[in-house]
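Student: Below, each chain spelled out in residue letters.
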Amino acid sequence: MGKLLQLTNINKIYGDKIKNQVLFDVNLEFEVGSFNSIIGQSGSGKSTLMNIIGTLDKPTSGRIIIDGTDTSNMDKNQLALLRNETIGFIFQFHHLLPEFTVMENILMPYRIKHNRVSPEAIERAEYLIDMVGLSKVKDNGSTEISGGQQQRAAIARSLINEPKLILGDEPTGNLDSETTQTVFNLMKDINKELKTTFILITHDKKVAEQADRIIEIKDGHVIMDIPNL
Amino acid sequence: MKLAFSIGMRFLKKSKSQTALIVIGIVIGVAVQVFVGSLIEGLQQSLVDGTIGSSPHITIVNSEDNESFADNDALYSDLKEDERLTAVAKSFSRNGFVSLDEENTKAVLLRSFEMSDADAIYSFEDSLVEGALPTETNEVIIGTNFSEDNDLTVGDTLNFIASTDKAEDLTIVGIFDLGVASLNESWVVSELATGQALFDEPDYLTSIETQLDDVFAADTIATEVNTQIEDADLVTTNWKEANESLLSGLTGQSISSYMIQVFVLVAVLLGIASVLAISAVQKSKQLGILKAMGIKDKTAGQIFLFQGFVLGTVGAVIGAGLGLGLMYAFSFFVKNADGTSLVPFYFDTQFVILSSVIAIVASTIAAFIPAKNSSRLNPMEVIQNG
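Top line first, the protein sequences correspond to chains X and L.
One point on numbering: in this note's numbering, the residue at position 6 of the first sequence is 6, and numbering is uninterrupted.
One point on numbering: in this note's numbering, the residue at position 160 of the second sequence is 160, and numbering is uninterrupted.
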């Protein structure tokens, strides 16, 4: 299978006067359709890595190639477009827009891309809503559903533009263990069914161990990178 | 654009009290502006109307005082064709005496006009309290004061003695009330030919009187008319020369009105800007999410510009309505002793539209600050902070 994502010699240094290096020469490659987890203590640099992969932050040096495109010289608008079309985000605190319903939230990335909602998009949203089991609450306000439901809505939202990559920053971080498993299984199913590449950040070893590959970051270095068979 | 608009509208709808606060601010601002502006404008109109509404605005006379000049039809028709002039009337006016009985004579001013033209300036027709306008030679109308003081009524005759010592019996066909006692006491008004014949000056005039649409342009138009007149003996005078204190009063009023309007506008602008800035901070989490999902900085900024525009439009429309309502209520409830409105209901459509447009533009501009902040916002900060 081809490479979806290539990180080459990524360094990240914060601060001008007092330099604080967070990432040291990180080299990683991710296969299309793979299911990866990144683990590490808080402060290990994993969130910084995630932001760099998600193009929300720029590395101090190094190259990131996403789906064959080098992101180094892209401007803010080009990056926004890339995020919109190629990357789906799932955040720890689900981050749905409280002003909108579940359905509207799920359609938002599509609207950002196309500026309107087509019948096909609604059909796809219905399909995703059904897949994540939210058919009954799709017209509820996004704050009127439970935490697990919100996280599942966020997963459906991340999939609406059929992105090649889903980035999850502690996607199950504030869920109880039963709901965590449900949400995790859902992501695994999507990975199998749609061949979407997943990269999940987690500090939950149980979650990490269910991924196909486990990468551990410590003090800005990749200290472990093993396939999980 | 459409996306920014619909997100902006949804944000407004979901924070109803904040939205209401901004709209009320704009409504009050625009209402005060429209009300104060209309009130002062109405006040000035009625003042100007009362002062110079029934008198000539530009008068063409001989440069030598009280000398007559030859009736020049070309000049008259030139003036008639000038669209800025709403009325043009030839006039022949001379002092004379009316002999009431053996011992009693009274000085009067004989004013002779082509009645149809003069009516446009002096509204003789409307000010008649009795009788009709003169149509024949030697028919006159007199003022109420003159009629009462000397026991004269319609049908009586006046023995008029011109300064040329020519005397003639004139028939009173009507009595007018021009609202100014001195005119009602001294004016005897006739057809043009009557005066010219009495003073043996046929085809001569003492003045050509005109009225304007834009009374405040009297001085500039007078200067222009002056250059058009070929006869070097003729000069123009205008009402502004004779009413400088009224003019400076009016100017002072206008300036204070503009001051009030400007300060109201600034206050409203600051209000909108601060509330929108707060709302942009409150929505920073949402903006972060939208940016992570790939919304462009420009679109994110537009959300707030649209909010400013929509708030401004809604506020301006309601505010203009409220302002006109206040103006109407003022004209309806605040009255003179005689029951007429202190300030008649007045509004200038252009002024109301301009005030509204300014409010809309100002609101949109006020939204620039939050728009700029939100387009600068880095999604990472929001997402990391939960």
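Honestly, the hints are just simulated from the structure, not real lab data.
C-beta: ideal position from N, C-alpha, C; glycine also.
Do not take every clue at face value.
Claimed, not checked - Far from chain X, some chain L residues (derived; all Cβ distances over 10 Å): (1) 70; (2) 73; (3) 97; (4) 101; (5) 154; (6) 163; (7) 185; (8) 260; (9) 275; (10) 289; (11) 293; (12) 297; (13) 314; (14) 329.
Claimed, not checked - Chain X is faced by these chain L residues, among others (derived, beta-carbon under 8 Å): (15) 5; (16) 16; (17) 20; (18) 36; (19) 40; (20) 44; (21) 292; (22) 372; (23) 376; (24) 379.
As the list claims (entries may be wrong) - Pairs of lysine-lysine residues, derived as DSS-like cross-links and limited to a Cα-Cα distance of at most 27 Å, are as follows: (25) L/16 <-> L/335; (26) L/16 <-> X/138; (27) X/195 <-> X/3; (28) X/76 <-> L/16; (29) X/76 <-> L/298; (30) L/285 <-> X/76; (31) X/164 <-> X/195; (32) X/136 <-> L/372.
Student: It remains to establish, for every hint, whether it holds in the given structure.
Tutor: Cross-check of the supplied hints:
Every Cβ of chain X is farther than 10 Å from the Cβ of residue 70 of chain L; the closest lies at roughly 77 Å, confirming the non-interface assignment. At roughly 70 Å from the closest C-beta of chain X, the C-beta of residue 73 of chain L stays outside 10 Å, upholding its exclusion from the interface. Distance check on residue 97 of chain L: its Cβ is at least 88 Å (rounded) from any Cβ of chain X, clearing the 10 Å threshold; non-interface status holds. Listed as a non-interface residue, residue 101 of chain L keeps its Cβ farther than 10 Å from every Cβ of chain X; the least gap is roughly 94 Å.
Distance check on residue 154 of chain L: its Cβ is at least 80 Å (rounded) from any Cβ of chain X, clearing the 10 Å threshold; non-interface status holds. Listed as outside the interface, residue 163 of chain L is consistent with that label: its C-beta sits roughly 87 Å from the nearest C-beta of chain X, beyond the 10 Å cut-off. Consistency note on residue 185 of chain L: stated as away from chain X, and its beta-carbon is indeed over 10 Å from all of that chain's, at 76 Å minimum. Interface exclusion of residue 260 of chain L from chain X stands, the closest Cβ pair being 38 Å apart, more than 10 Å.
Annotated as non-interface, residue 275 of chain L keeps its C-beta farther than 10 Å from every C-beta of chain X; the closest such distance is 17 Å. Non-interface call for residue 289 of chain L relative to chain X: violated, since the shortest CB-CB distance, roughly 5 Å, does not exceed 10 Å. Remark: the non-interface label on residue 293 of chain L conflicts with the geometry, its nearest Cβ contact in chain X lying 5 Å away (cut-off 10 Å). For residue 297 of chain L, the condition that its CB be more than 10 Å from all CB atoms of chain X is violated, with the nearest at approximately 6 Å.
Look at residue 314 of chain L: its CB is around 19 Å from the nearest CB on chain X, clear of 10 Å, so calling it non-interface holds up. Interface exclusion of residue 329 of chain L from chain X stands, the closest Cβ pair being 39 Å apart, more than 10 Å. For residue 5 of chain L, the shortest C-beta to C-beta distance to chain X is roughly 11 Å, which exceeds 8 Å, and the interface hint is violated. Checking residue 16 of chain L against chain X: minimum C-beta separation of about 12 Å lies over 8 Å; hint violated.
Look at residue 20 of chain L: its Cβ only gets to about 17 Å from chain X, farther than 8 Å, so that hint breaks. Taken as an interface hint, residue 36 of chain L does not check out: its beta carbon lies about 38 Å from the nearest beta carbon of chain X, beyond 8 Å. Violation of the interface hint for residue 40 of chain L is found here, the shortest Cβ-Cβ separation to chain X being roughly 44 Å, above the 8 Å cut-off. At its closest, the beta carbon of residue 44 of chain L sits 49 Å from a beta carbon of chain X; the interface hint therefore is violated under the 8 Å criterion.
Below 8 Å, beta-carbon pairs count as interface contacts, and residue 292 of chain L has one with chain X at about 5 Å; its hint therefore holds. Against a cut-off of 8 Å between C-beta atoms, the interface hint on residue 372 of chain L is violated, since the closest Cβ of chain X lies about 14 Å away. At a threshold of 8 Å, the smallest CB-CB gap from residue 376 of chain L to chain X is about 10 Å, leaving the interface hint violated. The restraint placing residue 379 of chain L at the interface with chain X holds, with a minimum CB-CB distance near 6 Å, inside the 8 Å limit.
Pair hint residue 16 of chain L plus residue 335 of chain L does not hold up; C-alpha atoms about 40 Å apart against a cutoff of 27 Å. Distance hint between residue 16 of chain L and residue 138 of chain X is fulfilled; the C-alpha atoms sit about 24 Å from each other, no more than 27 Å. At most 27 Å may separate the alpha-carbon atoms for a hinted pair to count; residue 195 of chain X and residue 3 of chain X meet this at roughly 13 Å. The suggested pairing of residue 76 of chain X with residue 16 of chain L is violated, with an alpha-carbon distance near 33 Å, which exceeds 27 Å.
Restraint check for residue 76 of chain X and residue 298 of chain L: satisfied, since their Cα atoms lie roughly 10 Å apart, inside the 27 Å limit. Of the supplied pair hints, the one linking residue 285 of chain L and residue 76 of chain X holds, its CA atoms being roughly 19 Å apart against a limit of 27 Å. In summary, the hint linking residue 164 of chain X to residue 195 of chain X is supported, as the alpha carbons are separated by about 8 Å, within the 27 Å threshold. Taking the CA atoms of residue 136 of chain X and residue 372 of chain L, the gap is about 39 Å. The hint is violated against a cut of 27 Å.
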